[in-house]
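Student: Here's the letter readout for the chains.
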Amino acid sequence: MKISNHDYDLLKLGFEGEQAITNELFYKYGKTYEPKQIIIREGEFGKDVYLIISGKVIVAERLSNSKKYKMLATLGPGEIFGEMALLDGQPRSATLVAASPCKILVLSPENFEKVFKTHPRWALKILAALTKRIQNAFEQIESYYQGKK
Amino acid sequence: MNIEEIKKDAKLLKFSRGQKIYEDKSYLSDIKIFYILKGEVILRKKYTPLVKEEFHLNEGDWLGILELYTSKIRITEAEALTDVELLGFDKITFERILVSNIEISFKVIRMLSQILRKANERIKSLPE
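Each protein sequence line maps, in turn, to chains A and B.
So the first sequence is numbered by my numbering: it starts at 1 and just counts up by one.
So the second sequence is numbered by my numbering: it starts at 1 and just counts up by one.
Keep in mind that the hints were calculated from the coordinates and are not lab data.
Be careful, since some hints might not be right.
[Said to hold, decoys possible] Here are the simulated distance ranges between beta carbons: (1) A/Gln-146 x B/Asp-83: 33 to 43 Å; (2) A/Arg-41 x B/Lys-91: 32 to 42 Å; (3) A/Glu-44 x B/Leu-126: 41 to 51 Å; (4) B/Asp-9 x A/Ser-66: 33 to 43 Å; (5) B/Thr-70 x A/Lys-28: 45 to 55 Å; (6) A/Asn-23 x B/Lys-14: 23 to 33 Å.
[Unchecked claim] One-sided and incomplete, this derived list gives chain B residues near chain A with beta-carbon spacing under 10 Å: (7) Leu-12; (8) Phe-15; (9) Gln-19; (10) Gly-39; (11) Ile-42; (12) Thr-70; (13) Lys-72; (14) Glu-95; (15) Asn-101; (16) Ile-102; (17) Ser-105; (18) Val-108; (19) Arg-122.
All C-beta atoms in this analysis are idealised placements derived from N, C-alpha and C, irrespective of residue type, glycine included.
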């Protein structure tokens, strides 16, 4: 069964208006990506977490036994991805490709922690988004079993 | 994390082995979040009376967070696997603790991440 609440169901942290995304942070941790450039690949191991400052990113999943990809979502400024691999060390669950010129904060676990220390309320936003995703996953499983009755 | 520091804002609660800490579908009380001071707890999600997911929690773990932002009723149940001592917190106090203790934030996020992974693994295993 396909997961509708996936790892790439990314967290909109609502950074707009916050001081968090500043030129200083981009100077320290920022990277630019050209259109069609792959940011992360499905199945790879990596611990960086990504925060989009500007531009659009496509989330895609590779079709089984094929070189083709299926587009799943488009992400924009203020969205974060890769946080689960950072926290539990599991492989990436989707491929992310720049759809336009992108400015992205790429944070190693150490830098993620540093930024978190400076902006501790980010934890609450991630927590709220994660609990929502878990609830959605539970509902999806319940619906499946109820449908089987 | 300094336990003594967070203890002063908490309510100490004791449960005997086999006792329910909270029931599925029960309304959330003012004390919504629990920190396991002593003992072991099973956090259980029942999809049907026969199909369930269980998460084993130990000293230093937190429970009750799944419903904090999404629901007014519990979507899981928690049962004392041994005699347990818990610290109970309301939402505001818990958030204050999180914001001032990054290691607690990371621990909680890691725990939720593992629950989500487990739920997603189950979804993937279900036939279309």
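Student: Is the hint on B/Ile-102 kept, meaning its closest Cβ partner in chain A is under 10 Å away?
Tutor: holds (6 Å)
Student: That 32 to 42 Å hint for A/Arg-41 and B/Lys-91 (C-beta), does it hold up?
Tutor: Cβ of A/Arg-41 to Cβ of B/Lys-91: about 39 Å, so the range 32 to 42 Å holds.
Student: B/Ser-105 was flagged as interface toward chain A. Is the shortest Cβ-Cβ separation under 10 Å?
Tutor: Interface hint status for B/Ser-105: holds (4 Å vs cutoff 10 Å).
Student: Close enough to count: is the Cβ of B/Thr-70 nearer than 10 Å to one in chain A?
Tutor: holds (5 Å)
Student: Using Cβ atoms only, decide whether B/Phe-15 comes closer than 10 Å to chain A, and label the hint accordingly.
Tutor: Cβ of B/Phe-15 sits 23 Å from chain A, so the hint is violated.
Student: Double-check B/Lys-72 for me: the hint is only fine if its C-beta lies closer than 10 Å to a C-beta in chain A.
Tutor: At 12 Å from the nearest chain A Cβ, B/Lys-72 fails the 10 Å test, so the hint is violated.
Student: Assuming the hint says 33 to 43 Å, is it satisfied by the Cβ distance from A/Gln-146 to B/Asp-83 or not?
Tutor: holds (36 Å)
Student: Answer holds if the nearest beta-carbon of chain A is closer than 10 Å to that of B/Val-108; otherwise answer violated.
Tutor: OK, holds: B/Val-108 within 10 Å of chain A, min 6 Å.
Student: Tell me if the interface restraint on B/Gln-19 is satisfied: Cβ within less than 10 Å of some Cβ in chain A.
Tutor: violated (24 Å)
Student: Under the criterion of a CB-CB separation shorter than 10 Å, is B/Glu-95 in contact with chain A as hinted?
Tutor: Because about 6 Å separates B/Glu-95 from the closest Cβ in chain A, which is inside the 10 Å limit, the hint holds.
Student: Any CB of chain A closer than 10 Å to the CB of B/Arg-122?
Tutor: holds (6 Å)
Student: Take a look at whether the Cβ-Cβ distance between A/Asn-23 and B/Lys-14 falls inside 23 to 33 Å.
Tutor: violated (53 Å)
Violated hints, listed in ascending order, are 3, 4, 5, 6, 7, 8, 9, 10, 11, 13; each of the other numbered hints is respected by the structure.
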